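Trainee: Given next are the chains, with one letter for each unit.
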Amino acid sequence: GENVEQHPSTLSVQEGDSAVIKCTYSDSASNYFPWYKQELGKGPQLIIDIRSNVGEKKDQRIAVTLNKTAKHFSLHITETQPEDSAVYFCAAGSNFGNEKLTFGTGTRLTIIP
Amino acid sequence: GAVVSQHPSRVICKSGTSVKIECRSLDFQATTMFWYRQFPKQSLMLMATSNEGSKATYEQGVEKDKFLINHASLTLSTLTVTSAHPEDSSFYICSARDPGQGLGYTFGSGTRLTVV
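Protein sequences, first through last, are from chains A and B.
Sequential numbering of the first sequence, starting at 1205, is according to this note's numbering.
Sequential numbering of the second sequence, starting at 106, is according to this note's numbering.
Since the hints were made in silico from the structure, they are not lab data.
All values reported here derive from a predicted model rather than from experimental measurement.
Please note that a few of the clues may not be correct.
[Said to hold, decoys possible] Simulated pairs of lysine-lysine, DSS-like, Cα-Cα distance not exceeding 25 Å: (1) LYS1304(A) <-> LYS171(B); (2) LYS146(B) <-> LYS1246(A); (3) LYS146(B) <-> LYS1241(A); (4) LYS1226(A) <-> LYS146(B); (5) LYS119(B) <-> LYS1246(A).
[Said to hold, decoys possible] With the C-beta cut set under 8 Å, the calculated list includes, among others, these residues of chain A facing chain B: (6) SER1216; (7) PRO1238; (8) GLU1243; (9) LEU1244; (10) LYS1246; (11) GLY1247; (12) PRO1248; (13) LEU1250; (14) ASP1253; (15) PHE1293; (16) LYS1304; (17) PHE1307; (18) GLY1310; (19) PRO1317.
In this text, a Cβ means the ideal position worked out from N, Cα and C, and glycines have one as well.
Only chain A is shown next, with the shape it has when bound in the complex (with noise of 0.2 Å):
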């Protein structure tokens, strides 16, 4: 089965600066690539996602790089603000078969104002 990696598990960033999170994932077959941020005591919300056939994907501030042939994506966040602290989750799944998403360890987000 799939099995995604993410780093850090941890990240404090002053506001303004940039943060950059990164997973791998292992099936080949994965073609669906999301991100989500987790606020305490919420289920996730969808931020930004990237398909296979995509390297790279911008909404405002938040962007998401792809490299298929090294099992690699990543999610990177400009002008950071104290209201992106949060927990961010990478997953990587597939629109054959289950369709079901498998998800990275999770990345807590600290802006520091």
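Fit chain B to the given chain A structure using the hints.
Mentor: Coordinates of chain B only, in the frame set by chain A:
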């Protein structure tokens, strides 16, 4: 966008009793829903895939007789934790995908279960 409603948000029950958690897709039909469990400061672990009109598919190590899943309609899946024990205390989250919105999965707000 797609909305998944989950109830209750919090529940406390006594050991040995059963608890039912509901997951509804509010503005779309979901033939498949997913149930996750999340322990404090840990990732989401898939427990089972709920299939409308058929039996759920459980992940390895998840007791199907303890975690009963029913997906009787295209908008509702329920998870019943039977004979709950303190070690079942966790955050349970459901998710579903709106086929009309590509591959994105929407999560419910989660249910904090505490067994005393």
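Trainee: The structure should be examined with respect to each hint, and the outcome stated for every one.
Mentor: Do the hints match the structure? See the list:
Restraint check: the Cα-Cα separation between LYS1304(A) and LYS171(B) comes to about 21 Å, which is no more than 25 Å; the hinted pair holds. For the suggested pair LYS146(B) and LYS1246(A), the alpha carbons sit about 13 Å apart, so the restraint of at most 25 Å is met. A threshold of 25 Å between alpha carbons decides the hint, and for LYS146(B) with LYS1241(A) the separation of about 14 Å falls inside it, so the pair holds. The suggested pairing of LYS1226(A) with LYS146(B) holds, with an alpha-carbon distance near 18 Å, which does not exceed 25 Å.
Between the alpha carbons of LYS119(B) and LYS1246(A) the distance comes to roughly 24 Å, so the proposed pair stays at or under 25 Å and holds. With 8 Å as the threshold, the beta carbon of SER1216(A) stays out of range of chain B, its nearest partner Cβ sitting at about 16 Å, so the hint is violated. For PRO1238(A), the suggested interface contact is upheld, since its CB lies about 7 Å from the closest CB of chain B, less than 8 Å. With its C-beta approaching chain B no nearer than about 10 Å, GLU1243(A) sits outside the 8 Å limit, and its interface hint is violated.
Annotation: interface hint on LEU1244(A) violated; nearest CB of chain B at approximately 10 Å, more than 8 Å. Of the supplied interface hints, the one on LYS1246(A) holds, with its beta-carbon coming within about 6 Å of a beta-carbon of chain B, less than 8 Å. Residue-level restraint check for GLY1247(A) holds (minimum Cβ-Cβ distance to chain B is 4 Å; threshold 8 Å). About 5 Å separates the beta-carbon of PRO1248(A) from the nearest beta-carbon of chain B, less than 8 Å, and the hint is met.
Annotation: LEU1250(A) was flagged as interfacial toward chain B, and the flag holds, the nearest CB pair being 6 Å apart, inside 8 Å. For ASP1253(A), the interface hint holds, since its Cβ comes within 8 Å of a Cβ in chain B; the closest pair sits about 6 Å apart. This hint holds: PHE1293(A) has a C-beta 6 Å from the nearest C-beta of chain B, less than the 8 Å allowed. At about 6 Å, the closest approach between the beta carbon of LYS1304(A) and any beta carbon in chain B falls short of 8 Å, and the interface hint on this residue holds.
Checking PHE1307(A) against chain B by beta carbon gives a least distance of about 5 Å; that is within 8 Å, so the hint holds. Because the beta carbon of GLY1310(A) sits about 5 Å from the nearest beta carbon in chain B, less than 8 Å, this interface hint is met. Of the supplied interface hints, the one on PRO1317(A) is violated, with its beta-carbon coming no nearer than about 23 Å to a beta-carbon of chain B, more than 8 Å.
Of the hints listed earlier, those the structure fails to meet are numbers 6, 8, 9, 19, in rising order.
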